[in-house]
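For chain A, the structure is supplied; the task is to place chains B, C, D, E and F on it using the hints.
Residue numbers (the numbering used here), protein chains in the order written: chain A, 1 to 136; chain B, 1 to 136; chain C, 1 to 136; chain D, 1 to 136; chain E, 1 to 136; chain F, 1 to 136.
The reader is advised that the hints may include incorrect statements.
Note: identical chains are not told apart, hence a pair may lie in one copy or across any two.
Stated by the list, open to error - EDC-like cross-link-like pairs, simulated, lysine to aspartate or glutamate; straight-line CA separation at most 16 angstroms:
{"no.": "1", "residue 1": "Lys33", "residue 2": "Asp63"}
{"no.": "2", "residue 1": "Lys8", "residue 2": "Glu132"}
{"no.": "3", "residue 1": "Lys8", "residue 2": "Glu125"}
{"no.": "4", "residue 1": "Lys92", "residue 2": "Glu21"}
{"no.": "5", "residue 1": "Lys68", "residue 2": "Asp87"}
{"no.": "6", "residue 1": "Lys29", "residue 2": "Glu132"}
{"no.": "7", "residue 1": "Lys2", "residue 2": "Asp45"}
{"no.": "8", "residue 1": "Lys65", "residue 2": "Glu125"}
{"no.": "9", "residue 1": "Lys68", "residue 2": "Asp23"}
{"no.": "10", "residue 1": "Lys2", "residue 2": "Glu132"}
If you're looking for bench data, these hints aren't it; they were derived computationally from the structure.
Protein chains: 6
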Amino acid sequence: MKVTVCRKEHFNAAHRLHNPEWDDATNQKVFGKCNNPNYHGHNYDLVVHLTGSVDARTGYVIDMKVMKDIIREEVTDRYDHKNLNLDVADFKNLNPTAENIAGVIWNRLRAAFEDHLDLKITLYETERNYVEYSGN
Amino acid sequence: MKVTVCRKEHFNAAHRLHNPEWDDATNQKVFGKCNNPNYHGHNYDLVVHLTGSVDARTGYVIDMKVMKDIIREEVTDRYDHKNLNLDVADFKNLNPTAENIAGVIWNRLRAAFEDHLDLKITLYETERNYVEYSGN
Amino acid sequence: MKVTVCRKEHFNAAHRLHNPEWDDATNQKVFGKCNNPNYHGHNYDLVVHLTGSVDARTGYVIDMKVMKDIIREEVTDRYDHKNLNLDVADFKNLNPTAENIAGVIWNRLRAAFEDHLDLKITLYETERNYVEYSGN
Amino acid sequence: MKVTVCRKEHFNAAHRLHNPEWDDATNQKVFGKCNNPNYHGHNYDLVVHLTGSVDARTGYVIDMKVMKDIIREEVTDRYDHKNLNLDVADFKNLNPTAENIAGVIWNRLRAAFEDHLDLKITLYETERNYVEYSGN
Amino acid sequence: MKVTVCRKEHFNAAHRLHNPEWDDATNQKVFGKCNNPNYHGHNYDLVVHLTGSVDARTGYVIDMKVMKDIIREEVTDRYDHKNLNLDVADFKNLNPTAENIAGVIWNRLRAAFEDHLDLKITLYETERNYVEYSGN
Amino acid sequence: MKVTVCRKEHFNAAHRLHNPEWDDATNQKVFGKCNNPNYHGHNYDLVVHLTGSVDARTGYVIDMKVMKDIIREEVTDRYDHKNLNLDVADFKNLNPTAENIAGVIWNRLRAAFEDHLDLKITLYETERNYVEYSGN
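If we strip away everything but chain A, and leave its shape as in the complex, we get:
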């Protein structure tokens, strides 16, 4: 019996969209107000989805407390109340779009959770804009 277990966490961060290989006019044209050199910010909501077999002894796919602690250690404690472009090494050379943030988070969590668990994440930049990534 394979069940997907989902846990929602959040972090509040500043970011700016910018491609250093382009001049300012191109950046402004492509990224619009998201290119503001002084940054803007979001309350990000992150949902982690792990799929695996249910352990007959515990009735768990994974202890939700363990899951929560790993998400906080790998992601939210590193990103919360940070400027993603300036404070987080993951984005020193990577534009922090929702798509790229999701890719980085997925890689972090893939390394942290056991291999037999399938992993998907959903990252909400706002209530109306969000992305999903499952490593493919």
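Frame of chain A; chains B, C, D, E and F shown alone:
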């Protein structure tokens, strides 16, 4: 790297469920209070899900602003504050159930978005009733 | 000890904003797309707030089940899946703006709940537009 | 044309996580505060997802009212305002983790809905913790 | 300049409504399924509202972190994953209706927050049922 | 008949809490991670509440479209995708705590809406932290 990008839009519309091939008693029996000849209405929430490769230069699957503009042009500007049965050609000969509205919206959006992007939609008729369609 | 007890109910209805004393051009100018002669609709959420003393024997201001039944009998069963302009006598001669719907609902509920309970209502036309009325 | 129809219902219940084959210290270590011998509780939200062909006459995959009635008869009327461990036969010999509750609910609903409809369920224990199961 | 600062916290608990001065039939008649002798439960959401002057040096009415810590120490750490009737001294002789829980929480918080801050609380038993209390 | 009309808008912004009269150690001690010199950010939700008489001809306290346009012109167009500390003159000499942002927004809106309308605002910094201000 393939990511799914999701955008939520909404529209407020009146509708009525009715099959013109049936008599009134049958329509009333099948569709109940949704068959009210004077219509009722909903705040519809539409989530559009597009899956594609992340462009290495922008970090985008698609510019969310482009995505939003297409959804508004193809769907919400056409349906918002309308009577789906009377005002919208799409439903002149099609019963506007959530399933059928989702089918029509999917076809509109499939024609508008580039072919390399996979498309799924979720349409909420109420917070408790919703449908999903991916063209299959 | 005075506590406020709140209960949320909902109804789905069609409506149209229109002042019969004005010509069509004026109505269109004032009410815009809400003036559509074929109606549009909403999922209305209604929150009823009753303030009163806590009964020492029950620990209740009012039995929430009684409160729910009265709201349904007086309001939601009458308005749900209806066209407010055409099907509901309350709006035969009253423009069904959120403000006016709230006034009518408040009067209905004021007559139905016991006098020693203070009454306020909140009516959501959408998640972003709502009104409050307390009889003043 | 295959569409997925989703319906959300809810129930409020008490439960306790416990494996009778383990001693108290092990149960406390594994299940932590969820092992409280006097129980705790949740507002569970259940979303049922049914995928099937749209009937050309009705425009429905399934009548949402039929779907709602089956969910209430099979699940929420049985579990609502109950102690899952003590009052519900389904959990007399099964630890009521979210994963196991989802498995039991899926089996109940699988037997109740017609075979040509694919079935998935989502069970929210809290807004932040939830599970999904589709019978695999 | 007086501002109201609001903080939401939550706890998951079991409870049962029961008046020991009444016989079982009366309790069952008054409290219905909430009288289940084996308990049921809820995800309670608690919003604390504090009104006071803004400190010109900090720009705070109160440090939200201090506010959160006091709410957790006084309320949610005591009630979370507990059976309110059996595990919490506050309800040994008090029926844990939403109204009474709100009264007890207000008293706890009134003693913990400084006197110059006005205090109101909102307690959600479910998304649809909630109460407000401000000490009057 | 006096009704309160409420409209929700949002903006995404970066900010940092800092008192320039204090040294870095004091700022860090008082504001903690909110003092990050590189900023963090939020999705702010703003609810504007206007109380006034219902116009008998329109059934409106105020045209919600006018209300929305004023909020956008006065507040959200100025603050959205901005760094409040660096880009917004309102906070050049004012620490952008939720309390202070609410005070500035209230003053802006008080000047923009007609005097006979009572004004209150609610500003959500996160789903769990928010403030209310009504000019007193």
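Structure-based check of each hint:
1. Lys33 / Asp63: So Lys33 and Asp63 pass the 16 angstroms test across copies only (13 angstroms; inside, 42 angstroms).
2. Lys8 / Glu132: both (13 angstroms within a copy, 14 angstroms between copies)
3. Lys8 / Glu125: Classified as both: same-chain Cα gap 13 angstroms, cross-chain 12 angstroms, threshold 16 angstroms.
4. Lys92 / Glu21: Close inside one copy (14 angstroms), not across copies (32 angstroms); limit 16 angstroms.
5. Lys68 / Asp87: Intra 23 angstroms, inter 26 angstroms, cutoff 16 angstroms: neither.
6. Lys29 / Glu132: neither (26 angstroms within a copy, 34 angstroms between copies)
7. Lys2 / Asp45: Neither, since 25 angstroms and 20 angstroms both go past 16 angstroms.
8. Lys65 / Glu125: Between. Shortest inter-copy distance 14 angstroms satisfies the 16 angstroms Cα cut-off; intra-copy 25 angstroms does not.
9. Lys68 / Asp23: neither (41 angstroms within a copy, 26 angstroms between copies)
10. Lys2 / Glu132: between (21 angstroms within a copy, 9 angstroms between copies)
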